[in-house]
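Number of protein chains: 2
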Amino acid sequence: MKVAVLKFGGTSVADPEKIQRAAERAIEMRRQGYRVAVVVSAPGEMTDELIGLAKRVAPEPDERELAHLMSTGEIVGTSLFAMACRAQGALAVSLSGPQAGFRCEGSPTVSAITSIRPRRVLAEMAAGRIVAVAGFQALAPNGDTATLGRGGSDLSAVALAAVLKAERCDIYTDVKGVYTADPRVVPDARKLARISYEEMLELSGAGAQVMLARSIEVAQRFRVRLHVRSAFQPVAGTWIEELPEAAMEKAHVSSLAHDASEVRLTVVGVPDRPGVAALVIAALAESGVPVDMIVQSSPTTRGVNDISFMCPRSGLRAAAKALEAAAKRLGARKVDVQEDVVKITAVGTGFRRSPKVAAVMFDALAKQRINIEMITTSDLKICTVVSKEHADIALRALHKAFGLGRR
Amino acid sequence: MKVAVLKFGGTSVADPEKIQRAAERAIEMRRQGYRVAVVVSAPGEMTDELIGLAKRVAPEPDERELAHLMSTGEIVGTSLFAMACRAQGALAVSLSGPQAGFRCEGSPTVSAITSIRPRRVLAEMAAGRIVAVAGFQALAPNGDTATLGRGGSDLSAVALAAVLKAERCDIYTDVKGVYTADPRVVPDARKLARISYEEMLELSGAGAQVMLARSIEVAQRFRVRLHVRSAFQPVAGTWIEELPEAAMEKAHVSSLAHDASEVRLTVVGVPDRPGVAALVIAALAESGVPVDMIVQSSPTTRGVNDISFMCPRSGLRAAAKALEAAAKRLGARKVDVQEDVVKITAVGTGFRRSPKVAAVMFDALAKQRINIEMITTSDLKICTVVSKEHADIALRALHKAFGLGRR
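Protein chains in written order, with the numbering used here: chain H, 1 to 407; chain Y, 1001 to 1407.
Simulated from the structure, these hints should not be mistaken for lab results.
Among the clues, some could well be false.
To be verified - Per the computed footprint, the stretches of chain H lying under chain Y, defined by three or more beta-carbons under 8 Å from a beta-carbon of chain Y, are:
id	region
1	15-26
2	40-54
3	83-93
4	267-278
Even for Gly, the Cβ is constructed at its ideal location relative to N, Cα and C.
Could you put together the complete structure from these sequences and hints?
In structure tokens, the structure reads:
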């Protein structure tokens, strides 16, 4: 019998009515002949509320206790989910992460799944029950319950699907699927029927909120077919899966992502000596801030370079401090910070084989008189940085230029 | 090293400030040289809120899922408690009921503790940590978490104290201890410094809300010294313990309890034949309603009796229905229901040896022209039932007559 793993995020189980609707989806999947395991998140804002409570008790709550506290949210979600299934006449049972056999290692609130021993999940499914499994949590080697960090429930679902050799893993969420661009910005954005793991990874890295790279990587490694879909409308979403070679051969753009959460830092007037760029990057690495899109301009005047980076807004202060110090040591002129920027990324395949894609992109922006602040390219993506005021126009122009809205 | 088990009820950990204060109490106990384990309930109304949520998802929530759901409340309480201890500089760790070694059997929401394997509790205490244990929950034989029913957290604390051979078990609550009568009714009611298990059991059975009989029985069996005290004021409460023989010898009244939660039922005009009372009681037993104070009057006119009972208000309808049927079968005249009654119980010792106590009681009520509707006596208590309108006057008169307010 085929197995389907379903996953409902916090917004999909935010209140009793939504929980009942989520239960309907699981029962419908059961009716289609699947054995069904459902990974459930904490309802609505519950995790944030618990963290808020913790911070009122202790300004810096202990990590181990925080994990114990937060893990209750998913137990609440799964118990309510199983009750809702039973109220609709289906057999169902809820299991905590440890009960479902999830083992992990690492820090209490940012653990990594090491293994899943699905003995009880298999037994409950074999008995015809819908098994609601608490996501985001697992048993640590010392017998404690640890949590898996951001995107942990998605990871629980994908890992469970891998271990159960599930035919599919349906991620129910508050969006209808993966779009050619953010529909809030680009009105004729189109829902993709399918996308490859590689492209989805790039989209995720480029700021698409649908799923974190972490879970997509595991899905790719174990060939778990993901189906990202709406928890509220019973229509097909987007399949994330291995696509046939043929489709991969042709250079094409699948989707545009944009990300306003990063800022641009530039070290201006760095001496053009070997090893200088490495020193700047080492200074940044020491600050612990992740950087992206490292671009060094060609030397222009009197043998000096500019080196630019994108980094998360939250890391701006630390990164700027590290760069100021490095600039001083190297005799660079100054450090520039540009906060009002948006990164726009075209994700697809075959870009290296076909420079035409980049040409279309730059041409479309030029026609709108939009200045491109930074560019990087790879085989799977082309990133450009534009000023915030032009971002929406740029996104719509690119969407049109790549013909993403038409079918 | 001596061990102290502390227990904080829901009202004592209802908000972050109260949790911090509760943590202070545990740290103070640690400072006095005890190894400390703390049983913590779910904060405030959390359990009721979870049940409310469950009923919105499923009109009749599955018991097993309900136990899973409710058990999260105590995890939240203990995690926050341990965080609060750490924020005040003490070592602390929280454990779920199953982690603390609590095993149980029975129905998922009304389980009975079968054993405690305190290996981890002992290890954590030996490492100098205050161990916060989730009350009200234990591991069922099938690996599920079950809950212990009403008063379950008290029971967890008393059982843990027994297994750890604790020198004391401090029950922190929203009252300051056990009083000679309810201070809200009797202004000069006095807090008792100590009371015997036997008397406390009678008080509990007579309607005192301090602790359920269930936990007191276990404390008595394992000679756990209980200390009922305020969570909000750092003063001594009431010790519940084995009292020296000397004190037991003298007939005395310790405390008065009153209970307005019961109603009186009377089968009027039952034929005075052997076995008739037994038939009436059998009918009641079949209705499942617990009864109390069964009193049969001596035959008065034409060989007929009246048989009266007290039963919980909640069971009135079922009990009345059973009695109506029995009355018809036996040819009794009718069934009388008296709802506005209050049971007042004097608890103490040596009543059988000294009829003087009963005499003082009846005399005091007679002086107030209060009619006694029913009476039963045992060696440890004298119960009287009076009409509701006279209850407060009766309680104050008795408190004075027994000299309970003076010291």
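For this session: Establish whether the coverage given for the region 15-26 of chain H by chain Y is satisfied; the threshold is a Cβ-Cβ distance below 8 Å, and no fewer than three residues must meet it.
Result: holds (count 3)
Problem set entry | Cβ contact check, 8 Å cutoff: the region 40-54 of chain H against chain Y, three residues minimum | holds (count 3)
Exercise. Quick check: the region 83-93 of chain H, covered by chain Y? Criterion 3+ residues, Cβ under 8 Å.
Worked result: Holds, because 5 residues of the region 83-93 of chain H bring their Cβ atoms closer than 8 Å to Cβ atoms of chain Y.
Exercise. Do three or more residues from the region 267-278 of chain H put their C-beta atoms closer than 8 Å to C-beta atoms of chain Y?
Worked result: With 0 residues closer than 8 Å to chain Y, the region 267-278 of chain H misses the three-residue bar; violated.
In terms of the numbered hints stated before, the structure departs from hint 4 and from no other.
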